[in-house]
Amino acid sequence: AQSVTQLDSHVSVSEGTPVLLRCNYSSSYSPSLFWYVQHPNKGLQLLLKYTSAATLVKGINGFEAEFKKSETSFHLTKPSAHMSDAAEYFCVVSPGGATNKLIFGTGTLLAVQP
Amino acid sequence: DTGVSQNPRHKITKRGQNVTFRCDPISEHNRLYWYRQTLGQGPEFLTYFQNEAQLEKSRLLSDRFSAERPKGSFSTLEIQRTEQGDSAMYLCASTPQGNYGYTFGSGTRLTVV
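Chains E and X are the protein sequences, given in the same order.
Letter by letter, the first sequence follows residues 1 to 114 of the working numbering.
Letter by letter, the second sequence follows residues 1 to 113 of the working numbering.
Please keep in mind that the hints were generated in silico from the structure rather than gathered at the bench.
Be aware that a few hints might be false.
Straight-line C-alpha distance at most 25 Å; calculated BS3-like pairs for lysine-lysine [stated by the list, open to error]:
hint : chain 1 : residue 1 : chain 2 : residue 2
1    : E       : 58        : E       : 68
2    : X       : 11        : E       : 42
3    : E       : 68        : E       : 101
4    : E       : 101       : X       : 57
5    : E       : 42        : E       : 101
6    : E       : 101       : X       : 71
7    : E       : 42        : E       : 58
8    : E       : 49        : E       : 69
9    : X       : 57        : X       : 11
With the rest of the complex left out, here is chain E:
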């Protein structure tokens, strides 16, 4: 079975400093991986996705993630945090197949301090 583990439930950074949100995945074959962001009272928004093309994936709002098969990791990074980045972030894997359903991690709440 496929799953993802988000290693930190809360991360706090200062505005202008780098962001690192960690995610490890478990999959018996090459997975499709995603990062979603959820702002309060708003729908989930796709930040980026990896589907076995380039291992370094660039997303919206300056975020990027690197797929590392040897480490089974898909960590999300951003060079410089902005106050508007404060939100909950979900690492997601899809087992593929006809359903295309998504399996979410438990989330990482990012706080950005002024």
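Mind docking chain X on chain E? Use the hints.
Positioned in the frame of chain E, the structure of chain X alone reads:
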């Protein structure tokens, strides 16, 4: 279309009552999904439709839950005889076929008292 629309945004109900939620997907998306998100957890898959056909249901979807998508347009999720454990955010999403481009709605937050 401005996105996936869910109504109501909030619902408070007494234990044992029935509730129904509605989801209006993006019109050209033929796939529609329901997820449930409880406090402190990520969303969990409940069920999915391709057009009007319900093609997969999670074990989370007990017999008190029923979902429909008549004519392959909007969808409803009904919970009968609600229990406190049903309190959660219910999320709807739609995608074009064969595409991972999910668009999520803002959800319906259910509180069972």
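Status of each hint after checking the structure:
{"no.": "1", "hint": "E/58 / E/68", "in the structure": "15 Å, holds"}
{"no.": "2", "hint": "X/11 / E/42", "in the structure": "17 Å, holds"}
{"no.": "3", "hint": "E/68 / E/101", "in the structure": "23 Å, holds"}
{"no.": "4", "hint": "E/101 / X/57", "in the structure": "11 Å, holds"}
{"no.": "5", "hint": "E/42 / E/101", "in the structure": "21 Å, holds"}
{"no.": "6", "hint": "E/101 / X/71", "in the structure": "22 Å, holds"}
{"no.": "7", "hint": "E/42 / E/58", "in the structure": "23 Å, holds"}
{"no.": "8", "hint": "E/49 / E/69", "in the structure": "15 Å, holds"}
{"no.": "9", "hint": "X/57 / X/11", "in the structure": "23 Å, holds"}
Of the numbered hints listed earlier, not one is contradicted by the structure.
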